[in-house]
Structures are given as structure tokens and as C-alpha cells.
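A.B. asks: Below are the chains, spelled out letter by letter.
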Amino acid sequence: MADQLTIRETAAPAAGVRVPSVNIYAPQWRNFVFVAPFLFFFTTLLIFPLFWGMWLSVHKADTFSTGRFVGLDNYVRLFHDKVFLQSVWNTFYFVLLTVPTLALIGLFLALCLNRRTRTAAVLRTLFFSSSVLSVTIVTLIWRIVYIPNVGLLSTIYGWFGATAPAFISDPSLAMIGIAIATIWWCIGLPMMLFLSALQQIPQDIYEAAALDNANRWQTLRSITLPSIKRTFILVIIIQIVLQFQLFGQAWLMTRGGPNNLTKPIVLYIYETAFRRWDLGMGAAASEILFVLILIAAMAQYLVTRNKGDQA
Amino acid sequence: MTANIEIRNVSKQFGAMTVLDDLSLSIKAREFVVFLGPSGCGKSTLLRMIAGLETVDGGEIAINGERIDHLPPGKRGIAMVFQSYALYPHMTVRDNMAFGLDNIGVARDVVDARIAEAARILEMPHLLERKPGQLSGGQRQRVAIGRAIVKEPKAFLFDEPLSNLDAALRTRTRIELAQLHQRLQSTMIFVTHDQVEAMTLADRIVVMNNRRIEQIGSPMEIYERPATKFVAGFVGAPAMNFVDVAIDRSGEVITVTFANSTVIATDIASNQVVDGAHTFGVRSEDVRIAPTGQGNVNGKVDVLERLGERTLVYTRLSDGQIVVASDAGNSRVAVGDTVGLAFDGRKSHLFNETGRAWHARRA
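For the protein sequence lines, the chains are A and B, in the order given. So for the first sequence, this note's numbering puts the first residue at 358; every next one is plus one. So for the second sequence, this note's numbering puts the first residue at -9; every next one is plus one.
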């Protein structure tokens, strides 16, 4: 009796119209409401300025007007501006100094600190702690380090009767000085990314390698490094994007000097757009920076792209 | 190449917890030994200690008379197949197999020859250039075994290698492992919690429980003459039936008395058995279904498991104890029936409260 009752109950709707089964993955448009605030700000603060910047870069624009259409005139002026070309070179030089160093030191620290000891935990915190500082604090600390005669560096060199290199004023060392401060500031993120990647490697393949007679170097080269290849690419791309945007350190430590040798593109953009009020040219320089970052990151991705390598 | 493995008074602690306690075991060359036991009994730890993946806190391990417990894993001359296969994901199958040989500088042509031979044995020459991510679970399993074979080790260690395979593949791989053992004539140690794997593969089974060895013996010895109540309950599906009884040792053989006063004569010699509370043990195939009132006791059928060639009848006695009987595949018994249960006293076992076992006299 109970069985018959159940059958009738479940069979009843089927006799009339077929009730569609519920697809739990079907989109529920009311959920759009939750995304809407983000989309609003994403559009108004990112998408719109992106296109507005492109529009500005082909116009003669200053603070008071967005003047007339000038075509590629702003770009032509840029490429005739030696200061701009110098800033492009400076930026590339800075990226070249910082990105590989950040990736390698980050990897080295992660390899050293990937263990479950209290010392490793303390050191991980210590190395990451510089990342939470603002650029103002970082540059202040490093200016104190670099200050001639009384700075930390001079003091240490003084103990050995030597003269410290003039990292801020020497034209050949100024960018290296900024790069050192930047590496100190930014090392936390690559280290943490590498640490998380290292911790994702299954322990048993290390055990298999131990049974396969692999020594430390063979294990690092054949097991660890290939396993974190994707993270390595990620770190490189993130750092390229970040370091191309060098501004604060250069502005606060050297003001772009000496002789524009530490002036990066962003500082050039700032000076052009907001000090000389040539918004059109500033926008054009921004577009070039945008394209440079895009190319660098894409090139990195394409060169090291995973060729059918599956986990 | 094969190996005698000698494990002497081995102990292992993880912090304050002892996982293996003064354990000794001797494995003969060319023997297939299975470590069988429930999760957490220490069987995998013991295997990993032989492999060198865990340190030995006490005692020693020797292969062919030479102490190896101080050697790193790669220097012990053993190969291991992991439960998760532990293949190197970024290397091709060929590179996975060659890695261990390259590390010790084996000549290229020797490496190639060994890989070709292993691939032929395992029927996987077409997989050599693929990466593990492009293989099915069963194929990965073969590669893991292949990686062990090419090293031509003194002993193979298997850590639950079949547990990630589906039922059909598990059965097939089990047979292939048995064939591989016959072909290679190597010492093999296999860890499992699956008694079917243990019974079908092993020359000898080492039943482990709670930090120690409960029994070492051939599969049929373990099945027919379990050393302890734990072994009797753990090996065999369904588990052995246990019924609390009173015993009478006045005769030459023990007679047991059930709660309903039924008396059954066993074939267990009285002079061996000590006093105390006892449990009567009998396997389901030694319990026959009889018409109501014609067996030793009556039971009410709770559950039927029809396995095809036989039917397992789960019955509940009047005092609530469960007894499983094995009936014909086309058994007419239905759930709710009251049936008689006839025990074969000659094949019964007796256990005391410490778990010690007594069996029927040997024929």
C-alpha cells in the first residue's frame, strides 16, 4: 500500500506537463546583483580611464581643455624626447636589475625556509615583514643606509677603513641603489609564492627520488625546479608588471637624478602630465608603458609556455 | 638478484607514540610476503623503515646478512612502488624509468635495454614517450612497477599499490603481480589492508595489529588456524562468527554450551585449554542452514547477501548475538524466517578473553 502511494505521488506530475529537472549549474541572473558593485567600479575606474587615456593620447590636452585631435603627434614628440627615451631605458635597466634577482633570491629563501622549524617560521615572517611597509618608510630606511659619512653603509665600510659606494649620487650606482632597496622591499611576495609552490609538491616524489639515488642537486634540478616552473613564470610576470611601474622609490630617493639617470617612465608621465600639464603627451607615454608591460609579460609567458606538460 | 631480509627487534616511535614495538621477522629470498593489518597498525611504517624512508629507533634491519638500516634509501638495493605511484609528473615514462639508473651512472645502452625489457614485460612500449598526466590509473601503476623493475633490485616493496585501482583492474593487476613474482623470482614485500590481496598473493602473510605481529603464516594457515581472535576476525569475509559459550574440559575434547543450553562437541583437545571466559568461533561455511529446530540453535534471518555461488545468511540468535551462515547460491531462505543453524564442531575454534586461540586437533 505504501509503495503504491509513493508511486502515485511521484508519477502524478508526469501525467500532465513534463516538469523540467533542475540544473544546479544554470546561471541565476539575480546573483548578478552581488557582482554589480564591483563591475561598476571596475568599469568606471579601470575600463573607462583605459579608453579615455587612449583618447587623450591622440589629443592636445591640458588641465583646462581636452583640445583638438592631433593624431600620433604626441607619440612622435615622445620619441623625439631624449628624456623620455632615457626613462624607457632606465625602466628596462631597473626591471633587468630587479626581476631576475627577486625571482632567484625569492626561490633561494623559499628553498632554505621550506621546513617546519620555529627558526624557519620566524625568518619567513621577518623576510616578509618588509613587504608590508609603505614606499615612504622603505625609502627613508634606505636613505639612512646610503647617507654618505654617517649612514649604515658608510659606518660598516668605515670599520674596514674603506669608503662606501655613493649609491644615491654616483650616476653608475644610483639605479642599483634603488634596485637594492626595491628588492629588499619586494622579496616577501616571490618568497611566499615559491614557498606555497614548494609545499604543493607531493612528498612521495621526493621519497621516490631518494630511492632513485638522487642527490640534493639532482633532486633540485630534476624534481623541485620542474615542479615549480609555473610558479616561476607567475613570479616573473607579476614582478615585470610591478617593477615596470617604478615610481615611489625613484621619486623619493633620487628625484630621477642624477641627470635623469634614475627617472623611470612613470616618473616621466607624472612630470609631463601633472607638473608640465601636458596631459596628451603624458597619456601617450602611459599607453607606451602599457604596451611595454603587455609585451614583456606576454613574451615571458610565450617563451616559457607549458608545452603539453601535464601534472 | 634476490634478498633475505632480516628484521631484528625493530621499534619505532613518533614522538611519545610507539608505532612498532620490538618486532622481529625473517623473510627468505624469493619469498612474497604480505604485511596485512588494519589502518594504523604500523605495516606501512615497517615497509618504509625497510626502504629507508623512516628511521629505525631500535633494533636492526639486514639484507643478505648486511646491516642496511644506516644506509640511505638509494643504497639499499631495493625498489618501491607507492600507493600514489609517485611518478615524476614532468618526465616521460621513459625518463621516469631511467632517472634512478642515470643517477648512478649506468651506461646509456644498458638503461635503454632495461627500459625496453621492462616495457615489454609490462606491455607498455607504446607509453614510453607519454607523461604521467596522459596515462590512466592502471597505466601509471604499470609505469611505477616498471620503474622498480629496471633497477633490478634485491627486493621489491609495494605500499598498497592496488588501492587506487577500480575493482576489475585490481583483480587483473593482482594476477599480473603474481606472474611478475614468478618471472622475476625476487623477494617481494607487499603492504595491504585487503585480505583478498594478501590471501591470493602471499607465500606468507604477516598479520599486524596494534604495533606488533599477531601471526606469521601461509594464507591457509592464517585462515584455518588463526593465532588470535583478532586474526580470526580480520582474515576471511565474512568475519568468523564469535559466540560466547561456557566450556566443559572433562572429556578428551572440549564441549561448549550455548546460552540456550545447546551443547556442541568440538575437536579441540581439552588438556590445552585454560579456564576462563571463552568465545566459540566458527566460519560461515562451517555453519549449515537447517530446518527450524533441527540445528544446534535457531536464528532469525536479518539480512541476506546473495553472492551468486553462495548466499550469506545473517541470523540473530535469541540472545541477540549474530551468526552468519553460508547457504547455497539459490537458497530459499527469506528475511524474517527462523532457521536452524548446524555448527560443524570439528572445524570450530575457541578463544579466551586475551584473544588466544585453540583449534581442532591436526588430522
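Hints may contain errors.
Stated by the list, open to error - In silico lysine to aspartate or glutamate, DMTMM-like type, Cα no more than 20 Å apart, as pairs:
| hint | chain 1 | residue 1 | chain 2 | residue 2 |
| --- | --- | --- | --- | --- |
| 1 | B | K121 | A | D561 |
| 2 | B | K65 | A | D430 |
| 3 | B | K18 | B | E107 |
| 4 | B | K65 | A | D561 |
| 5 | B | K65 | B | E150 |
| 6 | B | K144 | B | E56 |
| 7 | B | K144 | A | D635 |
The hints are simulated quantities; they were obtained by calculation from the structure and are not laboratory data.
A.B. asks: Determine for every hint whether it applies to the structure shown.
C.D. replies: Cross-check of the supplied hints:
no., hint, in the structure
1, K121/B with D561/A, "holds (17 Å)"
2, K65/B with D430/A, "violated (72 Å)"
3, K18/B with E107/B, "violated (26 Å)"
4, K65/B with D561/A, "holds (18 Å)"
5, K65/B with E150/B, "violated (23 Å)"
6, K144/B with E56/B, "holds (13 Å)"
7, K144/B with D635/A, "violated (79 Å)"
The structure fails hints 2, 3, 5 and 7 (numbered hints given earlier, in ascending order).
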